[in-house]
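Chemist: Work the whole structure out from these sequences, hints included.
Number of protein chains: 4
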Amino acid sequence: MKKEVLDHGYVELVEHWGSDERIIEAARMSTQKGFKGWGTSESPGDEKLLKYLWDNAHATPFEMAGFIVEVKAPIFVFREWHRHRTQSFNEMSARYIPLPNENYIPTVERVTLTDAKNKQAQSIKPLLPDSAEIWLSNLGNIYSILESTYQAGLACGVPKEIARLVLPVGRYSAMRASANLRNWLGFLKLRCDPSAQWEIRQYANAVAEIVQQKFPRVYEVAKEATGMP
Amino acid sequence: MKKEVLDHGYVELVEHWGSDERIIEAARMSTQKGFKGWGTSESPGDEKLLKYLWDNAHATPFEMAGFIVEVKAPIFVFREWHRHRTQSFNEMSARYIPLPNENYIPTVERVTLTDAKNKQAQSIKPLLPDSAEIWLSNLGNIYSILESTYQAGLACGVPKEIARLVLPVGRYSAMRASANLRNWLGFLKLRCDPSAQWEIRQYANAVAEIVQQKFPRVYEVAKEATGMP
Amino acid sequence: MKKEVLDHGYVELVEHWGSDERIIEAARMSTQKGFKGWGTSESPGDEKLLKYLWDNAHATPFEMAGFIVEVKAPIFVFREWHRHRTQSFNEMSARYIPLPNENYIPTVERVTLTDAKNKQAQSIKPLLPDSAEIWLSNLGNIYSILESTYQAGLACGVPKEIARLVLPVGRYSAMRASANLRNWLGFLKLRCDPSAQWEIRQYANAVAEIVQQKFPRVYEVAKEATGMP
Amino acid sequence: MKKEVLDHGYVELVEHWGSDERIIEAARMSTQKGFKGWGTSESPGDEKLLKYLWDNAHATPFEMAGFIVEVKAPIFVFREWHRHRTQSFNEMSARYIPLPNENYIPTVERVTLTDAKNKQAQSIKPLLPDSAEIWLSNLGNIYSILESTYQAGLACGVPKEIARLVLPVGRYSAMRASANLRNWLGFLKLRCDPSAQWEIRQYANAVAEIVQQKFPRVYEVAKEATGMP
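Residue numbers (our numbering), protein chains in the order written: chain V, 75 to 303; chain R, 75 to 303; chain H, 75 to 303; chain P, 75 to 303.
Hints are supplied without guarantee of correctness; some may be wrong.
It does not matter which identical chain is used: a pair holds within one copy or between any two.
[To be verified] Calculated pairs, SDA-like style, for lysine to any residue (alpha carbon to alpha carbon, straight line, at most 20 Å): (1) 122 <-> 93; (2) 76 <-> 269; (3) 110 <-> 88; (4) 107 <-> 144; (5) 76 <-> 231; (6) 107 <-> 170; (7) 125 <-> 295; (8) 110 <-> 249; (9) 199 <-> 183; (10) 125 <-> 269; (11) 297 <-> 218; (12) 199 <-> 169; (13) 199 <-> 231; (14) 263 <-> 275; (15) 199 <-> 123.
To be clear, the hints were calculated from the coordinates, so they are not data collected in a lab.
Modeler: Laid out in structure tokens, this is it:
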């Protein structure tokens, strides 16, 4: 499962563990009764327990499953992502290798987007599509100038860890991230939310698709409260 | 994989994720070079990197693998185990069901064990095998009396959560525990150690066998420093 | 601040850090505007921001304050408490010293308490006060027998770590626990709840008093959602 | 306590809690013996226990103290810092306010520094002071161009969260960070190390001074193993 996100990014599932059933099994450790089976339209089964666990914040059984993704995203997205301290991260390092020349350029539509519920997404004054287009083309030029300065530094012997000072937070980096399902759902609750920045929301939505595919019954019970699309 | 431990306990592998290779892949995110292959006797390969990571405390790649076990152990062992706050737990609950009448009785050999390096394992004065045998037979009787009191309480309507007050810390309980490999190795470093109580060491040794089977190359590089048998 | 809990236990404040103001300061790092002042009845001040932070799950500023308590409680209470993995614990150890002969004996009123909303607190069949009284007096006798066996073991040289096998989960132990305010509030939300066992709820209520005294404005905004009394 | 770091940054102590004595008190919970007193040149006291705790990785008592700092540092330093997931952070947000025009320009001496033990700090080929000077002056110009583009975006109505795309990782941001002493020492062990980037090492050294001032006895026992200066 690999899903493209923004102009150069992606979210790709590396591996998952556990399952809807494993979560029930873990919850039933308390009574030693194990997984009894999913229900039919006539007689409900363990989906009732799953819903009960979620609705009543019995969160620990959701720690008995999880997954690892590989993500390519701009640095400003990773800056937000890395605040989720219950995940494990291994990221590309500009101390070790020069970061490839890939930078995020939003579309005019995205930049002129207005969202009454999300004050941070708004401009203080109206942004005309023409102005947006001009600024975005400026952005492209600036990215080129930065890359030249970066390469010039590397070429004359400036250490990679210093040459990177000019890299903008719009530049792409890549990482692997691992978390258990409880913590992924916590991430989604904050990052699928309309108040989250539009860019990280696209990544969160891609993560939500993994939840839907690999843990379809958890997806059903958690969908509304987490805001998964 | 299920391994019997003590007189009624066990450690059983429920599921694992990741592999020796995945750890290398995660570490190589920094340079984007991926897993290159294990070496041969003539030309060493990524086992060198694995050893480097371990020896230099580059610990995060070891978070990209892990496993879940089911464990049956006496309460006093779980009391020590649950101090490892980076694991996830789901345990049998005496609020929900009466705990079965299974209790730990050590052998005379274990009780008279002396270990010059482990002061906590020693008695203040010499314990004669005869005295040990008498006390252990006492222990069995006490366990019976406790069980009668427990059952009498439950029978006359004392709530389970109160009736359990008489349960001794020698009684068995059961749980599932999940952690990533970095945290399992941290657990093993403390609990395979000669200063750990002999009983939890038997459980730790059983966990170490899982590491050896599922992550044989990590086992090799971490064996000495963690004290895995 | 020391508050007695149950028949031999207590919760005592050792030290706290941070304040209602510090939480505002931390939240205002995002805009660099600092603490502006609390309001008056005519013009509201930063208590509005505090309420906004709480109501919208902006949880990290609440990590910039916290406190440490010393607690004496029965082992079965600590077994529940130690599942809160974001706290730091240092507890008395029966490997190092014999646990003093103090054991929890509930009152008849507590044992015959019924709570329609808390199934775990209920007996399966009605418990008559007379039966409760008999069982509780039995409990006292059992505690005495256990203590004799414990002392007999210690006296003849059984190592402390083994002699403790007979200790019941009703015996008292003691610890220090430290957490930041975010995590204390998470603890209170689960342990002031009517579904929590009555005993740990008494401890949680004592912890809530510390919140009320040292962080009175946080107490006001968090009271309802956490169930603090 | 406020210490200037790099050309525009600082580390300032906001508040600390606990003390060398509190750590001893916490460790002695296990035996209920409390703090006994520091020794004299003739008769050693609890500094022996403190050293024993540290040398034998009895780490939990060090969680019973801690401190909060305010830090101003370039984004690339924060990118490294935020990988320490046991700390609490509240940072300035470029979604909420424009980041002030302050950017890190290293000295020629720093850029031409060579360190045989730290491969990441080295350039692949020798860097002449003249080349360094030219590139650093370039860096200054680039920072100016970026600032103009940033301001132009904000002026024409590009939302702050998008206008920030051009901000370089050399730009300064500010945050508060809180951790207990165990976790600060873990941070110092990695970031006072010669293999850490020179810039974060200057911040780590400033944090180490706080440890030395507020927890002088912990500083003494932990100095060598953590590499505190």
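Chemist: Within a copy, between copies, both or neither: which one fits residue 122 and residue 93 at a CA-CA cutoff of 20 Å?
Modeler: Classified as within: same-chain Cα gap 16 Å, cross-chain 35 Å, threshold 20 Å.
Chemist: Within, between, both or neither: how does the pair residue 199, residue 231 come out at a Cα-Cα threshold of 20 Å?
Modeler: Between. Shortest inter-copy distance 5 Å satisfies the 20 Å Cα cut-off; intra-copy 44 Å does not.
Chemist: Within, between, both or neither: how does the pair residue 110, residue 249 come out at a Cα-Cα threshold of 20 Å?
Modeler: The answer is between: 18 Å across copies meets 20 Å, while 39 Å in one copy does not.
Chemist: At most 20 Å between CA atoms: does that hold for residue 297 and residue 218 within a copy, between copies, both, or neither?
Modeler: neither (42 Å within a copy, 46 Å between copies)
Chemist: Can you tell me if residue 199 and residue 123 fall within 20 Å by alpha carbon in one copy, between copies, both or neither?
Modeler: This pair counts as neither: shortest intra-copy Cα distance 50 Å, inter-copy 25 Å.
Chemist: Taking 20 Å as the upper bound on the Cα-Cα distance, should residue 263 and residue 275 be classified as within, between, both, or neither?
Modeler: within (10 Å within a copy, 29 Å between copies)
Chemist: Please sort residue 199 with residue 183 into within, between, both or neither, judging by C-alpha distance up to 20 Å.
Modeler: Result: close within a single copy only, 16 Å intra versus 45 Å inter.
Chemist: Could you place residue 125 and residue 269 in one of the four classes (within, between, both, neither) given a Cα distance threshold of 20 Å?
Modeler: between (26 Å within a copy, 18 Å between copies)
Chemist: Under a CA distance limit of 20 Å, which applies to residue 76 and residue 231: within one copy, between copies, both, or neither?
Modeler: neither (38 Å within a copy, 35 Å between copies)
Chemist: As a check of your reading, is residue 107 near residue 144 (CA-CA no more than 20 Å) within one copy, between copies, both or neither?
Modeler: between (37 Å within a copy, 14 Å between copies)
Chemist: Are the CA atoms of residue 110 and residue 88 at most 20 Å apart within a copy, between copies, both, or neither?
Modeler: For residue 110 and residue 88, only the inter-copy Cα distance (17 Å) is at most 20 Å; the intra-copy one is 30 Å.
Chemist: What label fits residue 125 with residue 295 when the C-alpha limit is 20 Å: within, between, both, or neither?
Modeler: Within one copy, since 6 Å is at most 20 Å while 29 Å is not.
Going through the hint list in order, the structure does not satisfy hints 2, 5, 11 and 15.
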